[in-house]
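Asker: As a plain string of letters, each chain reads:
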Amino acid sequence: MSEKGGEKEFDFDENDPLLGLSAADLSGPKVTRRTMLKLLAATGVSLSSLWGMDSFVEAQGTGGHLKAGWLTDQITTLDPAQINQILQFQAASNVFNGLVHVDTELIPRGDLAKDWEVSEDGTEWTFKLREGVLFHNGVEFTADDVLFTYNRSKDPEKSQHAAVLEPVEKLEKLGKYSVKFTLKQPSAAFLIKVLERTSGRAMTIVNKEAIEEMGPTEYGIKPVGTGAFKVVEHKLGERLVLEKFDDYFIEGQPKLDKVTYFPIPEPSTLVSALKAGDVHICDDIPDQFVPQLKASPNVEVKIGPGPGFQSIFMNPHREPFTDQKVRLAMAKAIDRQELVDKALFGLGIPAYGPIPPAQKAFFQDLSDKSDQAFAPEEARQLLADAGYSDSFETNVICTPATKRRTQIAANMLKENLGLTVNLKVMDWTVLITHFDNMEFDMLQLGSGADLDPNDSLVDWFRTSSKFNGPKRPKSMEYGFYSNPEVDELVNKQRTTVDLDKRIEMVKELNLKISNDPAAIFLFHPTDDLALNKKVKGFKFIPGLRDLHTVYLEE
Amino acid sequence: MTGYIIRRLIYGILIMLAVTTLVFFLIRAVPGDPVRAMVGFESDPAAVQEIKEKWGFDEPIYVQYGMWFWNVLHGDLGTSIWLKQSVNQVLIEAFPRSLSLVVIAFAMSSLIAIPAGIISAVKRYSLLDYVVTFFAFLGLSMPAFWFGIILIIVFASNLQLLPAFGYESLFENPQAWFLHILLPATAAGVPLIASLSRMTRSAVLEELKQDYVRTARSKGVPELSVILKHVVQNAAIPIVTIMGINLAVLFRGTVVIENVFAIKGLGRMLISGAINRDYPLLQGTILIIAGIFVFTNIFVDILYTYINPTIRYK
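For the protein sequence lines, the chains are W and B, in the order given. The first sequence begins at 12 in my numbering and counts up one residue at a time. The second sequence begins at 11 in my numbering and counts up one residue at a time.
Calculated directly from the structure, the hints in this document are not laboratory data. There could be a bad hint or two in this list.
Facing chain W, from chain B, some residues (calculated, C-beta under 7 Å) [to be verified]:
#: 1; residue: 39
#: 2; residue: 43
#: 3; residue: 159
#: 4; residue: 164
#: 5; residue: 166
#: 6; residue: 274
With a cut-off of at most 25 Å between alpha-carbon atoms, the simulated DSS-like pairs for lysine-lysine come out as follows [what the hints assert, rightly or not]:
#: 7; chain 1: W; residue 1: 246; chain 2: B; residue 2: 133
#: 8; chain 1: B; residue 1: 219; chain 2: W; residue 2: 233
#: 9; chain 1: B; residue 1: 62; chain 2: W; residue 2: 165
#: 10; chain 1: B; residue 1: 219; chain 2: B; residue 2: 133
#: 11; chain 1: W; residue 1: 169; chain 2: W; residue 2: 125
#: 12; chain 1: W; residue 1: 477; chain 2: B; residue 2: 62
#: 13; chain 1: W; residue 1: 485; chain 2: W; residue 2: 503
#: 14; chain 1: B; residue 1: 133; chain 2: W; residue 2: 233
#: 15; chain 1: B; residue 1: 219; chain 2: W; residue 2: 219
#: 16; chain 1: W; residue 1: 482; chain 2: W; residue 2: 269
#: 17; chain 1: W; residue 1: 219; chain 2: B; residue 2: 64
#: 18; chain 1: W; residue 1: 482; chain 2: B; residue 2: 133
#: 19; chain 1: W; residue 1: 169; chain 2: B; residue 2: 133
#: 20; chain 1: W; residue 1: 165; chain 2: B; residue 2: 133
#: 21; chain 1: W; residue 1: 169; chain 2: B; residue 2: 94
Label-pair distances were calculated between CB atoms; the ranges are [said to hold, decoys possible]:
#: 22; chain 1: B; residue 1: 185; chain 2: W; residue 2: 225; range: 31 to 37 Å
#: 23; chain 1: W; residue 1: 115; chain 2: B; residue 2: 170; range: 56 to 62 Å
#: 24; chain 1: B; residue 1: 247; chain 2: W; residue 2: 269; range: 52 to 58 Å
#: 25; chain 1: W; residue 1: 309; chain 2: B; residue 2: 188; range: 47 to 53 Å
#: 26; chain 1: W; residue 1: 335; chain 2: B; residue 2: 153; range: 34 to 40 Å
#: 27; chain 1: W; residue 1: 225; chain 2: B; residue 2: 251; range: 36 to 42 Å
#: 28; chain 1: W; residue 1: 224; chain 2: B; residue 2: 117; range: 43 to 49 Å
#: 29; chain 1: W; residue 1: 244; chain 2: B; residue 2: 27; range: 36 to 42 Å
Only a predicted model underlies this, so the values are computations on that prediction, with no experimental measurement involved. Glycine included, every Cβ here is placed at the ideal spot set by N, Cα and C.
Turn these sequences into a full structure, and let the hints steer you where they fit.
Answerer: See below:
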């Protein structure tokens, strides 16, 4: 695949690395303890204080009817092939299984796969499947279901995630409980990005009989999986009712008898319902409601690092952002901590690059290393050096939801550099068209659900990245960013087997993307969750709401 | 009269068509892409193209309009892009929810406003009159959105007397239905009390000045009978007019209330259709709401002839 403007740009690159891990490290049933320790030891910042440690205590009780409030007008689909919202897979993860699933440290572990082996060259992945696993309709799960799911998911007519399977050369059935994936090139992010229960979606195992019986639309509403809970009722936009699946393959799970999801579009209503005990758990809470929920005697608030970044992109094809000095000056004029405090009520982690703290192994605090670090004097000097001693006027595009943070950033640019930055507030669907077409001066956007460094490095910051101006005019050679050194290093880190070396490279990349500013990095969002205090045994996986170990205390 | 009704019905249908045609083209003039809204950010270009073809979005706009219009004539409002369900089915489910809300809110506001208006007319400039006026305007001044949230905080969150959100079926569980509908109906109905009670007050006052009232009183008709039998009946025309307007206003108000109380009614569908650029859903919902407005008007006009037989339509 060519680096510039190639047609076939996907989540995967042919020379995707083994996450810097050797084949032995990556063989199942979970990534080895040594790998995990290495990953943990490499963590730059201790985040344990951010997490409610009680969430890791093994649950003792059982039973209950949990009511969940999801901040949305409906859970439109639960069919893995069609899922495109985090809130959808947060629910679907309780109904389905993948071959692997991440744990609280974002380490992939066996789910429907009992064990697996990787060939030395990293292209052949042989999985042993769990035996005796049943779907909710009583059909036994076998290798045929893996094949059916694979064939369905790679068909763009039936699945939105066909591109995810592009790196797979073929899938073979070796026996009733054994399959082998052959990849076109080695790919370590394979486990997380293709096979993982939720983020992959492409290989979340679906049931052939049920799809044929119901048709794909009905299957999206009341799907049949192998998961801990089965769907018993789904009134779109009103309620989704799950019941305990008695034949679930993990002994003692799930603990709850019943779960009802209520879609609630208005955040004030959701917050009141949490305080009243009408709902016990939510998918997300807007930052401004966190203080009052913390004060509520019924509610416990958990704040974890979220896997993503938020930033303001600058169009390097438009004056004055054609000058790298100007872009850097803009980035230096933002006081991140103040922005987090004012815009997010303190619920965010200042960002200077794309790699989020949830990727514990790869994250590094850049606050005193990055050239983007807040320094208003230097910023003014840079702007003067670039010949912009007079203030200029420019525009920034944002959505109604991101208006507050964008306005605060604009105010900082006014205060520190004397610039007039006008906000242009647009619906998301409109904003994204401007972004794709490179029709903006500045634009506030970011990434979520980044479980692996490649989610940002590969998808956003290479010259040929899929988000890097995909519909730009032909006259533009690249979208919002192009740095040959970055392109080269992204490729290099993908082919580096030694984990420590890969971590160093990712850190170096993070700093390069920060110093030759690809964007003004603002913050890494936190994953905010409110639980009723009766809810026990919840395991907090960043970005997920798995209920397998949860029970209600009466 | 029959001729008049038929004419009004034909006009009504033409108005509905004009409204939906306008919406059809306006929504397409607004920037934003329904397919992008549906498949999300990290979408596969092949999948996007697939969907565009499936929904006919690659056809010229007049072809799309023609196809839509033809299907509407056959009673088919199309398939919602976002919900992947038939719009007919979605609206059949949504309508009873909005209707429950509107009927209860309408009954509540009318049952409070009309007696309150009569009392403040009869006891004009009394303390009671001022109290009624004060509360009527308090209700009018509160935005339904804000009032709804206050009701939830007080009655659901703090007192824990009523559910904070949601809807239950009337036929499956009437008690739960009523408890769930009470707060949203209050939020929707209370702001309407002001206009209706003020209109009742002035209409009743107007009638009280009439000669026939003096006649009735002087021939010894009891005061209660004078008010209820003579005055209110004669004051009914403006009251019924405002009630008709209120009914339409309530359907419009569902847009806000249903969102606050997480009820999947017509208002929610309207918002969902607009935000997600779900053209078929938006067009279908607008068609139904336009129909409600038009037919409420016709109904009120016909009602006039029963209230006041001197009114004749040709």
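Asker: Take the hints in turn and mark each one as holding or not.
Answerer: Comparing the hints with the structure gives:
no.: 1; hint: 39; result: violated (12 Å)
no.: 2; hint: 43; result: holds (6 Å)
no.: 3; hint: 159; result: holds (5 Å)
no.: 4; hint: 164; result: violated (10 Å)
no.: 5; hint: 166; result: holds (5 Å)
no.: 6; hint: 274; result: holds (4 Å)
no.: 7; hint: 246(W) <-> 133(B); result: violated (51 Å)
no.: 8; hint: 219(B) <-> 233(W); result: violated (66 Å)
no.: 9; hint: 62(B) <-> 165(W); result: holds (19 Å)
no.: 10; hint: 219(B) <-> 133(B); result: holds (14 Å)
no.: 11; hint: 169(W) <-> 125(W); result: violated (28 Å)
no.: 12; hint: 477(W) <-> 62(B); result: holds (20 Å)
no.: 13; hint: 485(W) <-> 503(W); result: violated (29 Å)
no.: 14; hint: 133(B) <-> 233(W); result: violated (60 Å)
no.: 15; hint: 219(B) <-> 219(W); result: violated (79 Å)
no.: 16; hint: 482(W) <-> 269(W); result: violated (46 Å)
no.: 17; hint: 219(W) <-> 64(B); result: holds (24 Å)
no.: 18; hint: 482(W) <-> 133(B); result: violated (71 Å)
no.: 19; hint: 169(W) <-> 133(B); result: violated (71 Å)
no.: 20; hint: 165(W) <-> 133(B); result: violated (77 Å)
no.: 21; hint: 169(W) <-> 94(B); result: holds (14 Å)
no.: 22; hint: 185(B) <-> 225(W): 31 to 37 Å; result: holds (34 Å)
no.: 23; hint: 115(W) <-> 170(B): 56 to 62 Å; result: violated (34 Å)
no.: 24; hint: 247(B) <-> 269(W): 52 to 58 Å; result: holds (55 Å)
no.: 25; hint: 309(W) <-> 188(B): 47 to 53 Å; result: violated (26 Å)
no.: 26; hint: 335(W) <-> 153(B): 34 to 40 Å; result: violated (48 Å)
no.: 27; hint: 225(W) <-> 251(B): 36 to 42 Å; result: violated (51 Å)
no.: 28; hint: 224(W) <-> 117(B): 43 to 49 Å; result: holds (45 Å)
no.: 29; hint: 244(W) <-> 27(B): 36 to 42 Å; result: holds (38 Å)
Hint violations for this structure: numbers 1, 4, 7, 8, 11, 13, 14, 15, 16, 18, 19, 20, 23, 25, 26, 27, all remaining hints satisfied.
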